[in-house]
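Heads up: the sequence shown at position 29 corresponds to 29 in full-length UniProt numbering, and the numbers run straight through without jumps.
Keep in mind the hints are simulated off the structure, nothing from the lab. Cβ atoms here follow ideal geometry from the backbone N, Cα and C, with glycine treated the same way. Please note that a few of the clues may not be correct.
Cβ pair distances, simulated, as ranges [claimed, not checked]:
(1) Thr124 with Gly103: 22 to 32 Å
(2) Ala119 with Arg32: 19 to 29 Å
(3) Gly54 with Asp5: 35 to 45 Å
(4) Lys7 with Phe61: 19 to 29 Å
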Amino acid sequence: MASVDFKTYVDQACRAAEEFVNVYYTTMDKRRRLLSRLYMGTATLVWNGNAVTGQEALNEFFEMLPSSEFQINVVDCQPVHDEATPSQTTVLVVICGSVKFEGNKQRDFNQNFILTAQASPTNTVWKIASDCFRFQDWASYSDEDMALASRILIFNYRDQHSGKGGTDTCMWLSDLPNI
Numbered sequence: 001m002a003s004v005d006f007k008t009y010v011d012q013a014c015r016a017a018e019e020f021v022n023v024y025y026t027t028m029d030k031r032r033r034l035l036s037r038l039y040m041g042t043a044t045l046v047w048n049g050n051a052v053t054g055q056e057a058l059n060e061f062f063e064m065l066p067s068s069e070f071q072i073n074v075v076d077c078q079p080v081h082d083e084a085t086p087s088q089t090t091v092l093v094v095i096c097g098s099v100k101f102e103g104n105k106q107r108d109f110n111q112n113f114i115l116t117a118q119a120s121p122t123n124t125v126w127k128i129a130s131d132c133f134r135f136q137d138w139a140s141y142s143d144e145d146m147a148l149a150s151r152i153l154i155f156n157y158r159d160q161h162s163g164k165g166g167t168d169t170c171m172w173l174s175d176l177p178n179i
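Sequences and hints are given; from them, build the entire structure.
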């Protein structure tokens, strides 16, 4: 990333993420049989903690899911630094939204993608190297649990960014009942 300024990479990441999100969720909802083509041959999907690897297994997994209606609420992205993925243009895309699978209630979800640019003789195609999907069941936690989680996360963030030290702790909301 040394030869091009960081803003250029951020702009590229944003354009790629916006286009990708439109293609991915339209394909998921309307042409799911084609969805595995968006993945690299060695890609891994982790769906609520269950790993699926390879295009054939991904295709089988997607075909078994009920029909869906995804609604995207937030898209965030950033380029992955060249030191982490040498000589490979890579983008992290983070999605928050809701989905209704046929026969099920609407649920909130988070999904994270690592996309890599695959150059061909005529253009560049973004492929999914890694995909992590997780339902977010906020309703199962009490107001007290959510307030505590907010205080802990804000406290850790404040300490890490104020020069007081702090920890690089990652706390999952699923850990709350054990606090």
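Checked hints:
1. For the hinted restraint 22 to 32 Å between Thr124 and Gly103, the CB-CB distance of approximately 39 Å leaves it violated.
2. Distance hint check for Ala119 and Arg32: the Cβ-Cβ separation is about 27 Å, which falls inside the suggested range of 19 to 29 Å.
3. At about 37 Å, the CB distance of Gly54 to Asp5 agrees with the hint of 35 to 45 Å.
4. A hinted range of 19 to 29 Å for the beta carbons of Lys7 and Phe61 is inconsistent with their spacing of about 38 Å.
Violated hints for the displayed structure, listed by number in ascending order: 1 and 4.
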